[in-house]
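Please put together the full structure from these sequences, using the hints given.
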Amino acid sequence: MSTSNPFQMWMDALRNPKISEIGEASSQIMGAWTNAWQAALVGRAVPAMELLNPATWGKDGQKIADALESVLGTPQWSDFVSLDRETLRTFAPAVELAQVGQAYAAEVARVTTEICTTFQARLSAKGMKVDDSGAALDLWNDTVDETLMAFNRSETFADLQRRFLRAMMAYLLEQRWLVGRVAEHYHLPTREEIDELARRVHDLERENRRLRRDLSKAPSRSEE
Amino acid sequence: MSEIPDTAPITTELTRLIETQRRLAETARQLAVTRDRDVELATMPKEEVHRIGDKVLYHCGEPGERSTGKVPVLVIYALVGRYTVLDLQPDRSFLGSLMEGGLDVYVVDWGHPNRACRYDDLGDYVEGYLDAFVDTVRTESGQEAINLLGICQGGVLSLCYAAMFPEKLRNLILAVTPVDFHADIDDPHPGRGFMNVWARSLDAADIDLLVDTYGNVPGEIGGMAFTLMTPMRSLAKYNLTLVEASQDDAKLMNFLRMEKWLADRPAHAGGAAKQWLNDLYRENRLVRGELVLSGERIDLGRVTMPILNIYTETDHIIPPAMTKALRGKTGTSDYTEFVARGGHIGVMVAGGSSRRTLRETVTSWLADR
Chain A
8 MSTSNPFQMW
18 MDALRNPKIS
28 EIGEASSQIM
38 GAWTNAWQAA
48 LVGRAVPAME
58 LLNPATWGKD
68 GQKIADALES
78 VLGTPQWSDF
88 VSLDRETLRT
98 FAPAVELAQV
108 GQAYAAEVAR
118 VTTEICTTFQ
128 ARLSAKGMKV
138 DDSGAALDLW
148 NDTVDETLMA
158 FNRSETFADL
168 QRRFLRAMMA
178 YLLEQRWLVG
188 RVAEHYHLPT
198 REEIDELARR
208 VHDLERENRR
218 LRRDLSKAPS
228 RSEE
Chain B
100 MSEIPDTAPI
110 TTELTRLIET
120 QRRLAETARQ
130 LAVTRDRDVE
140 LATMPKEEVH
150 RIGDKVLYHC
160 GEPGERSTGK
170 VPVLVIYALV
180 GRYTVLDLQP
190 DRSFLGSLME
200 GGLDVYVVDW
210 GHPNRACRYD
220 DLGDYVEGYL
230 DAFVDTVRTE
240 SGQEAINLLG
250 ICQGGVLSLC
260 YAAMFPEKLR
270 NLILAVTPVD
280 FHADIDDPHP
290 GRGFMNVWAR
300 SLDAADIDLL
310 VDTYGNVPGE
320 IGGMAFTLMT
330 PMRSLAKYNL
340 TLVEASQDDA
350 KLMNFLRMEK
360 WLADRPAHAG
370 GAAKQWLNDL
380 YRENRLVRGE
390 LVLSGERIDL
400 GRVTMPILNI
410 YTETDHIIPP
420 AMTKALRGKT
430 GTSDYTEFVA
440 RGGHIGVMVA
450 GGSSRRTLRE
460 TVTSWLADR
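Same order as they appear, the protein sequences are chains A and B.
Residue 90 in the working numbering sits at position 83 of the first sequence, with consecutive numbering throughout.
Residue 363 in the working numbering sits at position 264 of the second sequence, with consecutive numbering throughout.
Treat the hints as calculated values from the structure; they're not laboratory data.
Quick reminder that beta carbons are idealized off the backbone N, C-alpha and C, glycines included.
Please note that a few of the clues may not be correct.
Said to hold, decoys possible - Now the stretches of chain A that chain B is said to cover, found in silico as 3 or more residues with beta-carbon under 8 Å:
1) 141 to 154
2) 175 to 182
3) 199 to 208
4) 211 to 219
See the structure below:
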């Protein structure tokens, strides 16, 4: 039965047996999207929140790199250029580099305090007045020099230097890998290809030198 | 009535302030009118006689001018610094000083290794480039054997060359040359031998990683190590030292020439850098007779020609113990040591009586042989 009353039409539709199926479908769709948002929240937003805590910045670098990857990383696609994902490879060494920088800054702060303390003690011991500026400057310079030289030769500095070197090299290698991908995309030679050519030429030069030396030692035909 | 304040301290402080400002203003004035082209290095006339890539053999003197009948001296400087320091300025030119002493002088410019040079190792430098240059000097001079003068790392190359090709050398002169790379361990000094401590603090794998990543070790890394070696000198260089130098034209030009030389830091070719840092600085293979170049073990017993070993007691880069260790390690029966004045670089750029004494030592030692 047809009616022109909109309210009646609405009520008729609700009585339709299909309506419960539509409701169920809507509920499932909503549930699926809720799961997706929850997963994004747990998988992306929570790690992002962790990254906002400065207390974590100086700790485990790999953990921070993992968190960054959780926030920004994507799976690998066979038919998409995914430079964003490739860029993520540089996170771990970049984070380690930043952490070494922090550790070095902390040591520099400690050494600076040591310089000031030592300078004050030496100034007092010598009974010098502050307006004796020339002599005070010499004493300051000597104190800075001695303290920094000792620090630069310390095991603490050596440890930081090793960490810095390893992180820096890892970072550079990751960057090179990334640039290599771009170079390949535009049919430009990569560093690896140039190195390979240089190695082959170098080996040929060595071989050439060896052969010329052997030749100069060999008896001439007239001597044979 | 209140006391009249003592104005003396105020006057003293004002005088200091005026003097400081005057000196700073003079520095600014000097820098405002000085350009890079005004700072000249290596101006002594010289002629290119052999080139291999960017590695060049020069004959010192006017082009076409050759001494006849003299045994020439081939001067070899380090790979990690330019030879231009040997001709810093006319009155502080080591090469010029040798020429004033009547010697026929050749010098090698190792150039700036690029990526194509990354596989060049010390063997390539000694058995390849240096041997080719020695042969050219022998041919040009008509001498079967020539005199080789190696400085710092160039001294190590020269010493290895002398062990590989003793028949081509008449005399060997070494200056501030490291031989025992661990000699500093028994003679520790906070202001000396930082490079030794620095290199030994790294693992062999770290050095390999550094070289494999960069290809060649950039000159800036060497510069950084030197900065760490003398921290206060580095910190004060562009304030106290520059201001002081700027008050005198000649001193300022000295300072700027040295700056220009320091800024011109060649990279260390990868293969050579690995051997230099791992085989020599870390493992001390030269003095142990375990260094292998181009497949040949370097036997210092084969160095039988006369040796003059020059060092300074105030060398903070190559502590004297590293150099003096050569005594008794070679096969020569004619070994002389000379203690020069100055530091590691200073010995080569000295002027005045130090320059004269060094020249007379070298020329008279050679004249006797």
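Inset, instruction - Quick one: see if chain B covers the segment 199 to 208 of chain A, three-plus residues with Cβ-Cβ under 8 Å. - result: Holds: 5 residues of the segment 199 to 208 of chain A have a Cβ under 8 Å from chain B.
Legend entry - Whether chain B covers the segment 141 to 154 of chain A (at least 3 residues having a Cβ closer than 8 Å to its Cβ atoms): Coverage by chain B holds here, the residue count being 5 at a Cβ distance below 8 Å.
Inset, instruction - Tell me if chain B covers the segment 175 to 182 of chain A under the three-residue, 8 Å CB rule, please? - result: Three-residue rule met by the segment 175 to 182 of chain A, so holds; n is 3.
Legend entry - Claimed coverage, the segment 211 to 219 of chain A by chain B - three or more beta carbons nearer than 8 Å: It holds, with 3 qualifying residues against the three required.
In this structure, every one of the numbered hints holds.
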